[in-house]
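*Asks:* If you read the protein sequences in the order shown, they are chains A and B.
Under the working numbering, the residue at position 585 of the first sequence is numbered 585, and the numbers go up by one with no gaps.
Position in the second sequence counted from 1, then plus 10000, gives you the working numbering.
The set of hints was computed from the structure by calculation and includes no laboratory data.
Remember, predicted model here, so these are calculated numbers, not experimental data.
Using N, Cα and C, we set each Cβ at its ideal position, and we do this for glycine too.
Please note that the accuracy of each hint is not assured.
[Said to hold, decoys possible] Examples of chain A residues toward chain B, derived with CB under 10 Å:
(1) 84
(2) 88
(3) 370
(4) 674
(5) 707
(6) 708
(7) 711
(8) 760
(9) 802
(10) 855
(11) 861
(12) 863
(13) 869
(14) 873
(15) 881
(16) 889
Each chain, letter by letter, is given below.
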Amino acid sequence: MNEIKKRYWKGIEEFTNDPEFVKYAEKEFPEYLPVGNDTGESSRRDFLKLMGFGVAAASLAACEAPIRKAIPYLNKPDTIDPGIPNYYASTYLQGGDYCSIVVKTREGRPIKIEGNKLSKVTMGGTSAQVQASVLTLYDKERLAGPRKEGNAISWDDLDKEITEQLVSVLSVGGQIRIITNTMLSPASLRIFEEFKEKYPGTSVVIYDPASSAGILQANEANFGMRVLPSYDFSKAMTIVSLGADFLGTWISPTEFTKLYSKTRKVNANHRKMSRHYQFESNLSLTGANADYRSPVKPSDEGEVVIGLYNLIASKAGESSISGGKSDFRYLKKAASDLWSNKGKSLVVSGSNDPAVQTIVNGINSMLGNYGSTISFNRYAKYRQGDDRAMNGFIDDLKGGNINAVIFYNCNPVYNHPRGAELAESLKGVPLTITTSDRMDETASSVTYVAPDHHYLESWNDAEPKKGYFSLSQPTISPLFNTRQAQESFMAWTGREGNYFNYLKEFWRNNMYPESANFGFQYFWDKSLQDGIYDSKIEEENNAAEQNIDAQAAAATVAQNYKGDNGLELVLYYKVAIGDGTQANNPWLQEMPDTITKAVWDNYVTISHSDALEYGITTKLGITNMVNLTIDAFTVKLPVIIQPGQAKGTIGLALGYGRTKAGKVADGKGFDATPWIKSLNDNSYYSVTSGVMLEVNDELYQVAQTQTHETFMGRANVVQETTLKEYQKNPSAGKRHMRITTWMNEQKSLSLDEVTLWKGHKYPDHHWGLMIDLNSCTGCSACTIACQAENNVPVVGRVEVINRREMHWIRIDRYYSSDASLDDLSGLEVASENPEITFQPMMCQHCNNAPCETVCPVAATTHSTEGLNMMAYNRCIGTRYCANNCPYKVRRFNWFKYHDNKQFDENLSMNNDLGKMVLNPEVTVRSRGVMEKCSLCVQRIQAGKLTAKKEHRITTDDDIDMACASACPADALVFGNMNDPESKISKKLKIKESEGDGTIHKTMAEERAYTVIEEVGTRPNVTYLTKIRNKDSEEPNT
Amino acid sequence: MEVVSSIRTPLITGGKSVADVSDDICRQVEGAPSRSWMLAIAVSSSFLIVGAYAVSVLLWEGIGVWGLNKTVGWAWDITNFVWWVGIGHAGTLISAILLLFRQKWRMGINRAAEAMTIFAVICAAMFPMFHMGRLWVGFYWALPLPNTFGSLWVNFNSPLLWDVFAISTYFAVSLVFWYIGLIPDFATIRDRAKNQISKNIYGVLSFGWMGGAKNWARYESVSLILAGIATPLVLSVHTIVSMDFATSVIPGWHTTIFPPYFVSGAIFSGFAMVLTLLIITRRVFHLEDYITVGHIELMNIIIIVTGSIVGIAYITEFFIAWYSQVPAEQYAFINRATGPYWWAYWTMMTCNVLSPQLFWIKKIRTNIAATFIMSIVINIGMWFERFVIIVTSLHRDYIPSSWAMFYPTRYDVGVYMFSFGFFFTAFLLFAKFFPVVNMAEVKSIIKGYSEK
């Protein structure tokens, strides 16, 4: 390499060796900088400068935002990818309530529950309670560990003390009772058996708050099987329900809704649907869906059922039984419809009286329904409660004959009518244990609490119906120092090991079929992955042997069903709160009642004419308080005037008035459980005599999310027809809006042709939602599913009174009115026994959205896929969009609902534990911004990504909205309207036509309509007309 | 050179000389505050303080402290906004349009009317601010400012954005117009001032006005130019405000009649407010000779005219609802008159349509007490007009399930009180420290009649 000869100069100064340059050459900054003075000492000025800088820097540093650490996994579990949800099949079990589910977890946290479509029992449906149960997991009021007399104790000490005491009970040959609600888990039952083997004085007492013991007893007497049959509503063309709320609360509503809704789907090729009669006192969800509904008093229940029996018997040529009347409205019609659909009909009764159920069995038997709509092959196990045994247990307890009581996940002190007696007599029992998850009413009356895991933390199995098995698996590590109750029993039995191994072994020995090919591990993994296992059973008509003594039953009925001609009280369960087990769940408390749309309360429902008589008025939820006196016990309750309530009856919901469920539930409403009566030794949910009602001068406001009851005859909102009309013309009931313009008065144009709007072109996807008004039962599972999916806050009773509930999807419930269309004030008043329409309403994702044009900051805009989008970060909260929304579906954040003590009932946003339920894919909205249904845009994005990774376009399987997937009636269908193969395109028969650069879609489905079409918003949400299976449009009064 | 008929009645009574004018008007500014002024400012500032509490709660807690709900998203906030904007209109009408039409009678009242405009517009602008869910970003996001949020721009389709432009333009023009008019008078006060502080303050305020011929020539031409700019604003501002409603789809809002209807309503209420203020001012400050019964009568005539226009507009809405055969539209109007808010509707009808008709009677329209009462009645009526339009249209629109009622809370009232407190405090400070009558202009008309 050549020697470098070139020299580079920094500047002319260096070249000339300028003395000024040489002087500073060694310094950091060769040129003169005016820092410091020549002596190198600091001046006062410098001191002040540095001081000023220091103070400013220190104060700036103090302003730094708090550091929030996002810590990566040290050892990343191979199944968890941050940001990617995992799904686990599991089983929801709550007493006898069952649902096969798929749990969505994110980073190890269960955040959402979906139905398991593989299940032959629930078929992918869910209910509001199932949807909400994920929040109960994160309830701060669950016990953090075992308790003895309310104080913390270690599991070891607890086991030691309990075992010692059990052994001492055993040594004196004492009596032990295990009290449980219906137990669907075969492995757990086996554990009880083993416990019994160890402690022979043990017996298991099963009771259910909502008892079906009457059916069990009747079936035992009639068919020799103490079980519930399998009801197949999907095969029934005529359904008669005598007070059974099978779509709402009766036995297995999710399953029944799935089956029932199959008979309610009509289209031009299938112009048939079931006809549903309902005879009941309160207006139940099921009654609201009935084609013919007849209000009857509970004291007439016996006459109705005998009347129906005799009507059928006379057609069948059988001998009639004594008593009964047939002049109840629609009863004869029901009988003739039943008879003409012999073998394809179904009569169910919600009665808990074996005599009534025997007569119902007799009717079904005459109709030949056994073996078709009713079957014992896959009999159901949902309700095994034995009211007599439970009463016997309480009597024994009072007699001091019991030495130890173990309550397995049940709360009889609260939800059994003799709960107070029970609590009192428990004091004398030496050993009392419960496995409650919280210090509830029963837990507070016992010595030891051995809290069970939440079901989402547990292993378990279930057999809801004969041969249909399913598994539960934990989806999160236990949050607290709780222990699976089965393991507690194993510990007290002296059995080693954990329940998981026990369960697996149990399945190896009992469920694993000999014929399986791939070994047990494969069978186990497959069952666990699917969540279910269906064992084959032999089909036989095991109801062939019948021994139905209807005459004897009629004799008891005649004795028992007498009113005193005064008011009669009918107790009922609400769809959301049920028996009150999940009462501390704010989602359920704030779920609008399916009928009254009331939240956070129970109240007396009274018919309009009775209200007039008592001088009760309700306006916008402000109502009189009444003193209700039964058995010399008086309580003050608010009243709601309920259209459809049978005259002379009042209704009152159970499941309220909790005292020890937690902050959310305590003190909400009134506990009516002590008023559950006894009839033929069974719980009887009506009070037919001695009911005194007195209006007092206090007023109360029941929080209701809907206060206007009728749809004012507006056919642009609700479009309906009867089946008869539909059979003649599939577009019956649908309004055809046409516009005539001055340009051509002869020719009318469709609404699409007269518009100021340019229209949109959706090149890739065009999302749409179809809602079948005929399928929607109003069960509101979608409301809760949406709440869980989209982090919708709970606002509390007062804010609902202020009309500020936040639900993105609401179920509008409309009563019909008797008034003519001109009588506007008359139209506001619902009929005495109205027809009911449920209309799910959420953002309609208008193609010409009124909200989009008015936002000053363009915070709500239109996507290229037809969505109306909301940019929360951009919203400044002028609320103009909400005002200009003709559907009133926009929700404003009036306050800060998260991290705000004022809204501490909003559990999912106000404590660290509750926040674990939040869906990380959906922003928690801040105060002052507008929000609304996004058509689950996060699910759409996820589905699109899945499809993109596989280099294909999305299909129906990739994306479903939270509401649509939760719906047990399949009333909502979501999909891509650009895809001719999608379900929605096929159902709506979408036809595309192109014009001036945009694509127009027309829906050839005759029933399809959009709400308030004439406003020209052109929504992407389409409704199908409601069809009632009526002979004529007679008023239903 | 103006020629004035000898039979024309004098605009300024009491045979005032030029010096009298200066004395009479400057007396308020120079003297110690009167007892009645102290009392008035005590009342109005206590309103302001109570209102400030309500405003701070509103801003701290959220819009939820108001009685609004999912169905009625605007109520008192926008009612107050429209009401205050409307009130402002009279000032501009008096100073701009009447200037262009050479209506000299305006000179006695235009200063106070313009001040009222300024303060009313400030009060009006408060409400769109306070009603925002997120004021802390909204106050500048609503402006088309270049930003670093990407290409994030305001939505020029939104009538609310038009409002932003309309109100800010209106405020700016009104303020400049008012201030230009004040300059010669500030100079007068400066020249008369005996104490150095006043001299300095009014010296700065008067922008070095020398009173030279050139000064006056420029003053005249600037006034004329500003009047020309302000005149279309009288029509445009409330037209745009009305478009907040007219361009929407809500029955009762979606009406093409709104622009003229709103503008006449604005002038109607504005004159009523001018009357309220001036009747008090002339009494308190003894300005009976400058603000005469003649002024009051002329303003009352404008009130009859605009009140009748408004009345016709109300009836036209009903006719169109019937004629349209749109059921939702028809229901909206039947509900207005007979629904749960019938009382608001009939208050509006009585106050706005029936009561101004009394002014056909000369005795009433020249009676100061009657005029004062009427001016308040009209402002109540006009407040209810906006309430009726906003709340009764929203509370029952298309989907009956969402129908709801609106009940105001104490914070609705409190924030309204705040605007009143601000308005009257500001007006009283103006009346004390600024010349309430345009001395320079009034001096030009004291000899405005033929008797020399």
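*Asks:* Which of the listed hints are broken here?
*Replies:* 1, 2, 3, 4, 8, 12, 13
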